[in-house]
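Below, each chain spelled out in residue letters.
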Amino acid sequence: MTIAPSPTTYAAPGEEGSLVSYRSRYDHFIGGEYVPPAGGQYFENPTPVTGKVFTEIARGDSTDVDRAVEAAWKAFPGWGRTSVAERAGILNKIADRMEQNLEALAVAETWENGKPIRETIGADIPLAIDHFRYFAGAIRAQEGSTGEIDHDTVAYHFHEPLGVVGQIIPWNFPILMAVWKLAPALAAGNCVVLKPAEQTPASIHVLVDLIKDLLPAGVLNVVNGFGIEVGAPLAQHPDIRKVAFTGETTTGRLIMQYASQNLIPVTLELGGKSPNVFFADVAQDKDAFYDKALEGFAFFNLNQGEVCTCPSRALVAKEIYDGFVTDGLDRVRAVKQGHPLDLSTMIGAQASNDQLEKILSYIDIGKQEGAKLLTGGERADLGGELSGGYYVTPTVFEGDNSMRIFQEEIFGPVLALTSFSGYDEAISIANDTLYGLGAGVWSREATTLYRAGRDIQAGRVWENTYHQYPAGAAFGGYKQSGIGRENHKMMLEHYQQTKNLLVSYAEGPMGFF
Amino acid sequence: MSTDRVAVTPAAGELLRSLAARHGPLMFHQSGGCCDGSSPMCYPVGMFTTGSGDVLLGALDVPGLDPIEVYMSKSQFAYWQYTHLTIDVVDGRGAGFSLEVPEGKRFLTRSRMFDEAELADLGLVPAGPGPRSSADVG
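Protein chains in written order, with the numbering used here: chain P, 1 to 513; chain H, 1 to 138.
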């Protein structure tokens, strides 16, 4: 993406001139309409920009989940039999509707999550739009297969939808991560019960409001609430055929445990501690490529570090360490922190208070472990109404890969920096982690890029770039980072059964009886 | 071994008492990874299946309650074994299925490095000056 900052600041939802306004309350979206929660309870939803409550959200329970699953099954016989042309047409219309309302969706997303508006306008929402279009195309082009077993016997393979699937969405990209899961599921002909994260439950409803007339009732159902009260009943519901989850490892294990009871498949995306490896030839010239690599060094600040693939470990070759790190730190100190709705802001608010507290606790443990704080390392008070928001200054620690800040996904703008001597040590440090979701490799040498990319045990290795998420590039984890590959047509098969028809065209009996 | 690996703050203990009154005996599993990773997850005993891939770090002593066992995956423990963990609580709203989330509270793991006497007591080689090598924790 190319970012062209301008001094514009968008009006906050609820303010005069805002492109979007949140309703004061959101119910569940079940069977094509908004229905109040069975228990009659709601919870408050604050914006991390100021810490103030801006809407309230239905607090669901297992009764609501049951209703949603039932509504989805009611819709499934019709939706599952629509032609792929019809489903693709609907996905394309959803994409068009989102595109017409791109800025409004971006403001809604920024207000709820705290991320800078330039990211929602430049990345989150355009990627979500393109994702629907990608799967609209992919489902049209998908074909089954035929196998000629022998002259008289033919195996036909058809893709069939699973039925009703459960999807549990994280809070770091509330709309984009929902769309990553929705687009392939809907394209494949499934009906969905979706649970947004309780930290970011509202922006998905801005999207639902925009597109609800495009989908048949019951195809998409949204049940809000807390994990223990909605997520757990959904994940263990006997009438769902698959669960998709993005989050952390303990809940991932719990979801697999539930799935084992129902014998259904899961796809999981559980994060990582991604290494970003800078080989010595990066600094051989101070040219545009060097500048690009410095941007790569600072990329841990994207989305305030709240990305499963945050390049939160920088591994820099010893030969260039001092100079490259000095220049890299300059780039980090130039990251502008400010009001998330200001287009020139480069880093916004952490998504919630507990996330802020967790990041600060890691900064504390980093100091205790003996890591050297090179920049940042504190909560930022941006003054005025932003004083109540959750801001952390971009932080860089220098230390050793065995330290906990090098091993755990802090999910904040905190970089753990170390050096390496030679290719083998670079790969060894890069792979010394429990996870394997993302990685970055920077070099001017094609052979180095290729070898390192293959040797690093991660599902996505960016080479001379980082944080690009185009539809069509498979995304998923090695090791403890999860199961499945999103963002690619191969995800369709995670939402499909294979039906085999084995047909005999022989005219007589086989001869056994 | 007299050195405890886990402890609980009074505020977290208070919340655990109210959760136990509704949900019965409790346990923790320390999470890793994305989003709410690194958060301690609190479940009713029996909800989460631990296994041979987990380490029992110890049990929290909260007056009036059964001991609350705290687990972590063995692979994660390799990197965490040099730190003492205290379960605290903050205002907020975590994701995951942890029991306290609907209360507008979130358990939080606070850490401190074991001192040399504690490390010796735990059978771990004191780290000494300078960073540990990866080989020590593998």
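It should be emphasised that the hints constitute simulated quantities derived from the structure, not laboratory data.
None of the values given here were measured: they were computed from a predicted structure.
Hints may contain errors.
Unchecked claim - Covered by chain P, per the in silico footprint, the following chain H stretches (three or more residues, Cβ under 8 Å):
| hint | region |
| --- | --- |
| 1 | 6–17 |
| 2 | 56–69 |
| 3 | 73–85 |
| 4 | 92–99 |
Where a beta carbon is used, it is the ideal one built from N, C-alpha and C, also for glycine.
Here is what the structure says about each hint:
1. Closer than 8 Å: that is the beta-carbon criterion, and the region 6–17 of chain H has 0 residues meeting it against chain P, so the requirement of 3 is violated.
2. Here's how the region 56–69 of chain H fares: 0 of its residues keep a CB closer than 8 Å to some CB of chain P, so the rule of at least three is not met and the hint is violated.
3. A stretch counts as covered by a chain when three or more of its residues have a beta carbon under 8 Å from one of that chain; for the region 73–85 of chain H and chain P the count is 6, and the coverage holds.
4. Evaluation of the coverage hint for the region 92–99 of chain H: fulfilled, as 8 residues show C-beta separations to chain P shorter than 8 Å, against a requirement of three.
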